[in-house]
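Taking the hints into account, I'd like the entire structure generated from these sequences.
The listed protein sequences correspond, in order, to chains A and B. Just add 1 to the spot in the first sequence (first one is 1) and you have the numbering used here. Just add 1 to the spot in the second sequence (first one is 1) and you have the numbering used here.
Rather than coming from a laboratory, the hints here were simulated on the basis of the structure. Hints should not be assumed to be uniformly reliable.
Chain copies aren't distinguished; within one or between two, either way the pair holds.
[As the list claims (entries may be wrong)] Quick list of in silico lysine-lysine cross-link-like pairs, DSS-like style, CA-CA up to 30 Å:
| # | residue 1 | residue 2 |
| --- | --- | --- |
| 1 | 43 | 325 |
| 2 | 196 | 43 |
| 3 | 112 | 43 |
| 4 | 119 | 97 |
| 5 | 97 | 112 |
| 6 | 43 | 135 |
| 7 | 135 | 119 |
| 8 | 43 | 97 |
| 9 | 97 | 135 |
| 10 | 119 | 158 |
| 11 | 119 | 325 |
| 12 | 112 | 135 |
All values reported here derive from a predicted model rather than from experimental measurement.
2 protein chains.
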Amino acid sequence: MTKRTSPHPTAHDVARLAGVSQAAVSRAFTTKASIALATRNKVFEAANALGYRPNLLARSLIKGKSGMVGVVISPLSPFCMAVLDAFSARLSDVGKHMLVFTNDGAKAVDKPVEALMKFRVDAIVLIGVRVTAKQARQCHEAQVPIIAFSRSPRNMKGVASITSDNVAGSEVIARHLIAQGYRTFGYMAGPEESKASQEREAGFTAHLTSLGLPAPERAVGQFHRAGAFEAARSLLSRTPRPEAIFCATDEMALALIEVARHELNLAIGREVGVAGFDGIEEAAWPTFDLTTYSTPVESVIGHLSPMLLDEQPELPLHTVITGKLEARGSTRRD
Amino acid sequence: MTKRTSPHPTAHDVARLAGVSQAAVSRAFTTKASIALATRNKVFEAANALGYRPNLLARSLIKGKSGMVGVVISPLSPFCMAVLDAFSARLSDVGKHMLVFTNDGAKAVDKPVEALMKFRVDAIVLIGVRVTAKQARQCHEAQVPIIAFSRSPRNMKGVASITSDNVAGSEVIARHLIAQGYRTFGYMAGPEESKASQEREAGFTAHLTSLGLPAPERAVGQFHRAGAFEAARSLLSRTPRPEAIFCATDEMALALIEVARHELNLAIGREVGVAGFDGIEEAAWPTFDLTTYSTPVESVIGHLSPMLLDEQPELPLHTVITGKLEARGSTRRD
Numbered sequence: 002m003t004k005r006t007s008p009h010p011t012a013h014d015v016a017r018l019a020g021v022s023q024a025a026v027s028r029a030f031t032t033k034a035s036i037a038l039a040t041r042n043k044v045f046e047a048a049n050a051l052g053y054r055p056n057l058l059a060r061s062l063i064k065g066k067s068g069m070v071g072v073v074i075s076p077l078s079p080f081c082m083a084v085l086d087a088f089s090a091r092l093s094d095v096g097k098h099m100l101v102f103t104n105d106g107a108k109a110v111d112k113p114v115e116a117l118m119k120f121r122v123d124a125i126v127l128i129g130v131r132v133t134a135k136q137a138r139q140c141h142e143a144q145v146p147i148i149a150f151s152r153s154p155r156n157m158k159g160v161a162s163i164t165s166d167n168v169a170g171s172e173v174i175a176r177h178l179i180a181q182g183y184r185t186f187g188y189m190a191g192p193e194e195s196k197a198s199q200e201r202e203a204g205f206t207a208h209l210t211s212l213g214l215p216a217p218e219r220a221v222g223q224f225h226r227a228g229a230f231e232a233a234r235s236l237l238s239r240t241p242r243p244e245a246i247f248c249a250t251d252e253m254a255l256a257l258i259e260v261a262r263h264e265l266n267l268a269i270g271r272e273v274g275v276a277g278f279d280g281i282e283e284a285a286w287p288t289f290d291l292t293t294y295s296t297p298v299e300s301v302i303g304h305l306s307p308m309l310l311d312e313q314p315e316l317p318l319h320t321v322i323t324g325k326l327e328a329r330g331s332t333r334r335d
Numbered sequence: 002m003t004k005r006t007s008p009h010p011t012a013h014d015v016a017r018l019a020g021v022s023q024a025a026v027s028r029a030f031t032t033k034a035s036i037a038l039a040t041r042n043k044v045f046e047a048a049n050a051l052g053y054r055p056n057l058l059a060r061s062l063i064k065g066k067s068g069m070v071g072v073v074i075s076p077l078s079p080f081c082m083a084v085l086d087a088f089s090a091r092l093s094d095v096g097k098h099m100l101v102f103t104n105d106g107a108k109a110v111d112k113p114v115e116a117l118m119k120f121r122v123d124a125i126v127l128i129g130v131r132v133t134a135k136q137a138r139q140c141h142e143a144q145v146p147i148i149a150f151s152r153s154p155r156n157m158k159g160v161a162s163i164t165s166d167n168v169a170g171s172e173v174i175a176r177h178l179i180a181q182g183y184r185t186f187g188y189m190a191g192p193e194e195s196k197a198s199q200e201r202e203a204g205f206t207a208h209l210t211s212l213g214l215p216a217p218e219r220a221v222g223q224f225h226r227a228g229a230f231e232a233a234r235s236l237l238s239r240t241p242r243p244e245a246i247f248c249a250t251d252e253m254a255l256a257l258i259e260v261a262r263h264e265l266n267l268a269i270g271r272e273v274g275v276a277g278f279d280g281i282e283e284a285a286w287p288t289f290d291l292t293t294y295s296t297p298v299e300s301v302i303g304h305l306s307p308m309l310l311d312e313q314p315e316l317p318l319h320t321v322i323t324g325k326l327e328a329r330g331s332t333r334r335d
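Shown next as structure tokens:
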């Protein structure tokens, strides 16, 4: 293998070619610095000729800010993906960038968080992953804010969290299903340790039992497609079969629709009602026409951005985003 | 807003607390450096007490390598998304990380590439976006390799590219459709400037005309869902209607299936054959059961990784990945 020689001209090289001091080169590249126009032009010409670029890493060391936001994501669910996509675009707009780490959703994120701290990121966003109290404390001490989206544990020092309105949204779903005439229910849960899944189940069940209806049959779909296929087969084979099934995510609801339709030949809506949670794009496709409680991605980004752009001195501890019911064909009985 | 004090203890602080030199602190944190075990332990204890972490940004300045790979992505198609997901996991495995920029697919990527160079990334990966010759030359001069995945222009100095086997794969689709008994065809193209779409159309059309069959009817679906809905309506309303339609991506083929099924009430396969290209997950869902030419994501990552991990002194100019036909219900006539 050939050894690489350094391809980066330095500020010193630029200063020599321009016939100015190194300090002048530095000032030329600092937007608000006071410097004679002629000098700045000389520096820019020399920099151009040499292919010199001011080193943002070096600057971030001096300023203590890297302009990078660390993002830790678990293997991607469609909803988290949509948030990531929109978030990346928003950061690029303001000249910041994502340093991305992936993490197995099942494990806590100590290793990636430790690594991100070494890169001196300005903030850390966790999407669908959990952080330990120890790491949260270390970030807090180093004044690196952590914002947990979706699967966060609450009330952890140094961690701000953003979630959908899990309890109220699931009540809305329960009310809608009852209004459509369904009377017995199933619930497809995410992993048992998921706070989001717990809250959605609690909101759904509380509304049913408050009306004297039985609590839903349940199965665990694990927030992924393979798990949802198994859970769907389990729920749909109970005797009697629940008249309507609420799934903790749209992704799992789509899998349930496929099992019901293609393995059991059931008419969606008429023979079994199906509802999801999140409002992913596929839910609106004519093929699925899935009723869901939708949390707009723009709204998530709208809350996330000011937290990350130094516009807020204090992070709110916990932000709950209100979504809305999208009533579609998957919960129509006639 | 409260002003932040520096939260980062320095190597100097650690050296003082441990009662050793600053050079010893540096050696303690360098894996292969020679240092007495007792000294290393003293340094680690002091570092722990202070919450000190060696600064990776500073190290990367010295080594000229940041451990970051720059990735520029356009608004995300499902296939690019799957590649990004797998790629991120692979980089994490070897202790590297993605610095992600998003870019409108329609524009060239001069701005993000310029920014990535300033962050001293070790390499740049373009997913579904184009680079200008000027930027490619600048990266080449700075010895930052660029690898273009999917929509790359060919033969640009300093840019290695990876694509699916567009021509051969589309011939395979044509052969399969003819074997299934279809005799008249449509093609749904991506943007006219897309090399991938051009090649898929050329391979498909060449095989048909070589057998004396008419060239396909065509419409432009722009590689996105909204465009594909329009193109599907156009293709399916021609008189006579093409017996089978090949779409340049699976994503567009799914949209065509929805238009055919839900707007025109056509039986997929029997009344209109549909084939795609890429092999995204949704193609295998029972609901769509889409015939496609599939390029395994693992294979893309398998080619991408050695290029980025310094295992190859010279990048191959152009890598073509062979996929395989997935024959499914969307092209079954009976």
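Hints versus structure:
1. Taking the shortest alpha-carbon separations for residue 43 and residue 325, neither the intra-copy value of 58 Å nor the inter-copy value of 57 Å comes in at or below 30 Å.
2. In this homomeric assembly, residue 196 and residue 43 never come within 30 Å of each other (Cα to Cα): the closest approach is 59 Å inside a single copy and 41 Å across copies.
3. Proximity of residue 112 and residue 43 under a CA criterion of 30 Å is satisfied inter-copy only: 23 Å between copies versus 46 Å inside one chain copy.
4. Taking the shortest alpha-carbon separations for residue 119 and residue 97, both the intra-copy value of 18 Å and the inter-copy value of 13 Å come in at or below 30 Å.
5. Taking CA atoms no more than 30 Å apart as the test, residue 97 paired with residue 112 passes in both settings, with 23 Å inside one copy and 13 Å between copies.
6. Taking identical chains as interchangeable, the C-alpha atoms of residue 43 and residue 135 lie at most 30 Å apart only when they sit on different chains, with a minimum of 22 Å there against 52 Å within one chain.
7. Proximity of residue 135 and residue 119 under a CA criterion of 30 Å is satisfied intra-copy only: 16 Å inside one chain copy versus 34 Å between copies.
8. Taking CA atoms no more than 30 Å apart as the test, residue 43 paired with residue 97 passes inside one copy only; the shortest distance there is 29 Å, against 38 Å between copies.
9. Both within a single protomer and between protomers do residue 97 and residue 135 lie at most 30 Å apart by alpha-carbon distance, with minima of 27 Å and 24 Å respectively.
10. In the homo-oligomer, the alpha carbons of residue 119 and residue 158 lie at most 30 Å apart inside one protomer (21 Å), although the nearest pairing across protomers, at 35 Å, exceeds that limit.
11. In the homo-oligomer, the alpha carbons of residue 119 and residue 325 never lie at most 30 Å apart, since the shortest distance is 40 Å inside one protomer and 43 Å across protomers.
12. When the C-alpha separation of residue 112 and residue 135 is checked against a cutoff of 30 Å, the pair qualifies only within one copy, where the shortest distance is 12 Å, while the shortest distance between copies is 39 Å.
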